[in-house]
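Chemist: Heads up: the sequence lines are chains P and Y, in that order. In this text, residue positions in the first sequence follow this note's numbering: the first is 1, and each later residue adds one. In this text, residue positions in the second sequence follow this note's numbering: the first is 1, and each later residue adds one.
The set of hints was computed from the structure by calculation and includes no laboratory data. Since the structure is predicted, the reported quantities are computational estimates derived from the model, not experimental observations. Incorrect hints may have been included.
[Unchecked claim] Listing some non-contacts, in silico: residues in chain P with all C-beta distances to chain Y over 10 Å:
(1) 37
(2) 63
(3) 79
(4) 80
(5) 83
(6) 84
(7) 85
(8) 95
(9) 150
(10) 169
[What the hints assert, rightly or not] Computed beta-carbon distance windows for the label pairs:
(11) 77(Y) / 1(P): 27 to 35 Å
(12) 174(Y) / 8(P): 38 to 46 Å
(13) 76(Y) / 84(P): 48 to 56 Å
Think of the CB as a built atom: it goes at the ideal place given N, C-alpha and C, for glycine as much as any other residue.
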Amino acid sequence: MFVIFMESLSKWAIPAIIFIITLYGFLKKVKVYEAFTEGAKEGFYTAVRIIPYLVAMLFAIGIFRASGAMDVLVKALNPVTSLIGMPGEVLPMALMRPLSGGGASGIMNDLFTQYGPDSIIGRMASVMMGSTETTFYVLAVYFGSVAIRKTRHALPAGLVADAVGIITAVFVTNLMFG
Amino acid sequence: MINVIWLAFIIIGILVAGLTGNIEAVTDAAISNADTAVNLSLGLIGVMTLWLGIMKIAEEAGLVRALSRGLKPILKPLFPDVPTDHPAMGAIVMNLAANILGLGNAATPLGLKAMKELQEINPIKDTASNAMVTFLAINTSSVTLVASTVIAYRNSAGSANPTEIIGPTIVATLASTVAAVIAVKILQKMPAFRINENSETVQKITK
């Protein structure tokens with residue numbers, strides 16, 4: 001029931017928002033076409049402004065991923081994470097999640113193929129994937145768009161959120177399906 | 001902190017690749033990821049332009065202000081430095097709503113619109129304000145209620161019950177978002193992250 005409701009809400013949301021905003025603007029005597037183009041002219045520059053920040057972030061993460069350093073990190077952390085009930089197979093995905101959304105989905109789909117989506121490993125990977133974000137990407141894009149170089153505590157706070165999300169995912173999955 | 005982690009990715013990556021005889025992979029990864037980054041950025045141009053246009057209509061019609069006034073009790077404690085009537089609040093609400101509904105295509109442009117508005121009231125233009133870091137932390141913690149991409153992947157992998165992960169996902173999402181907000185509020189008071197009032201940039205502005 002909840003799922004069907006949320007799915008139709010998601011399907012209708014964007015058409016409904018565009019419908020309401022343009023119509024309401026017209027009723028409020030906004031020159032809708034002119035206002036749209038006035039706002040829209042910033043779009044191109046915002047996207048272009050992100051380029052240096054995203055190149056910096058993705059190329060560094062790319063080197064790290066390609067080098068095999070992730071495997072070393074997985075081996076080092078595995079004894080710790082297995083203490084909280086995280087199967088070693090899921091750990092690479094947990095570490096990949098903040099760095100690369102595509103990389104993490106790749107690992108999740110591999111786990112689905114190998115262990116099945118309804119195994120405890122498959123379920124845990126799903127919950128982790130759904131409850132966290134690609135922190136480094138979001139950081140580069142959002143701060144890049146306004147040319148902010150000094151990000152202060154944004155990265156540590158984002159990583160704390162990821163860690164808490166992942167640990168909660170482990171506990172909840174074990175509790176519900178274990 | 002971001003400088004240290006960024007450097008660590010590169011230095012550790014190159015050293016490990018060199019020691020394990022995997023050094024060509026570094027060159028390929030560096031070049032192909034730079035390409036990917038440019039394509040991702042340019043790919044935003046269309047949705048970015050669309051949503052900035054729509055948001056401008058909403059702003060001129062007074063919808064954005066109405067939205068931020070309505071949600072003041074939730075927004076004010078999270079973003080105490082942002083005036084309630086400021087367009088930043090409206091953009092923040094729209095971004096969070098799009099995220100909660102899992103509308104990725106709309107969430108990023110609306111988030112960037114919010115960043116642009118927050119930058120206008122940011123006194124030090126190259127340094128993140130407290131409001132920006134709070135907003136970022138909520139976004140990086142994920143607030144999506146129904147992870148539709150994950151459900152789609154589970155479905156195509158032949159899951160008997162692809163949606164069974166929704167409940168636990170919401171619990172984990174809530175935990176990570178609460179942790180993000182608490183972390184931001186604690187960290188922003190620490191000496192390492194406090195805005196340096198004596199820095200040259202601030203003095204230039206106040207002059």
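Chemist: Please settle this one: residue 80(P) was flagged as non-interface, so is its CB more than 10 Å from every CB on chain Y?
Modeler: 19 Å, holds
Chemist: Any Cβ of chain Y at or closer than 10 Å to residue 85(P), or is the non-interface label fine?
Modeler: Holds: least Cβ distance 14 Å, greater than 10 Å.
Chemist: State, for the Cβ atoms of residue 76(Y) and residue 84(P), whether the hinted interval 48 to 56 Å holds or is violated.
Modeler: 36 Å, violated
Chemist: Is it true that the C-beta distance of residue 77(Y) to residue 1(P) lies inside 27 to 35 Å, as the hint says?
Modeler: 32 Å, holds
Chemist: Beyond 10 Å from chain Y, beta-carbon-wise, is residue 169(P)?
Modeler: Contrary to the label, residue 169(P) does not stay out of reach of chain Y, its closest Cβ about 4 Å off (not over 10 Å).
Chemist: Is the nearest Cβ of chain Y still more than 10 Å from the Cβ of residue 63(P)?
Modeler: Nearest chain Y Cβ is 4 Å from residue 63(P), so the label is violated.
Chemist: Holds or violated: is the Cβ of residue 84(P) farther than 10 Å from all Cβ atoms of chain Y?
Modeler: 14 Å, holds
Chemist: Taking the closest pair, is the beta carbon of residue 95(P) still more than 10 Å from chain Y?
Modeler: Given a closest Cβ separation of 13 Å, the condition holds.
Chemist: Does the hinted range 38 to 46 Å hold for residue 174(Y) and residue 8(P) at CB?
Modeler: For residue 174(Y) and residue 8(P) the Cβ distance comes to about 23 Å; the hint is violated.
Chemist: Confirm or reject the statement that residue 83(P) sits farther than 10 Å, beta carbon to beta carbon, from all of chain Y.
Modeler: The claim stands: residue 83(P) keeps its Cβ more than 10 Å from every Cβ of chain Y (closest is about 19 Å).
Chemist: Are all C-beta atoms of chain Y more than 10 Å from that of residue 79(P)?
Modeler: Non-interface label on residue 79(P) holds, nearest chain Y Cβ at 20 Å vs cutoff 10 Å.
Chemist: Does the no-contact call for residue 150(P) survive, Cβ to all of chain Y over 10 Å?
Modeler: Non-interface label fails for residue 150(P): nearest chain Y Cβ at 4 Å, not farther than 10 Å.
Figure legend: structure checked against the earlier numbered hints; hints not met, in rising order: 1, 2, 9, 10, 12, 13.
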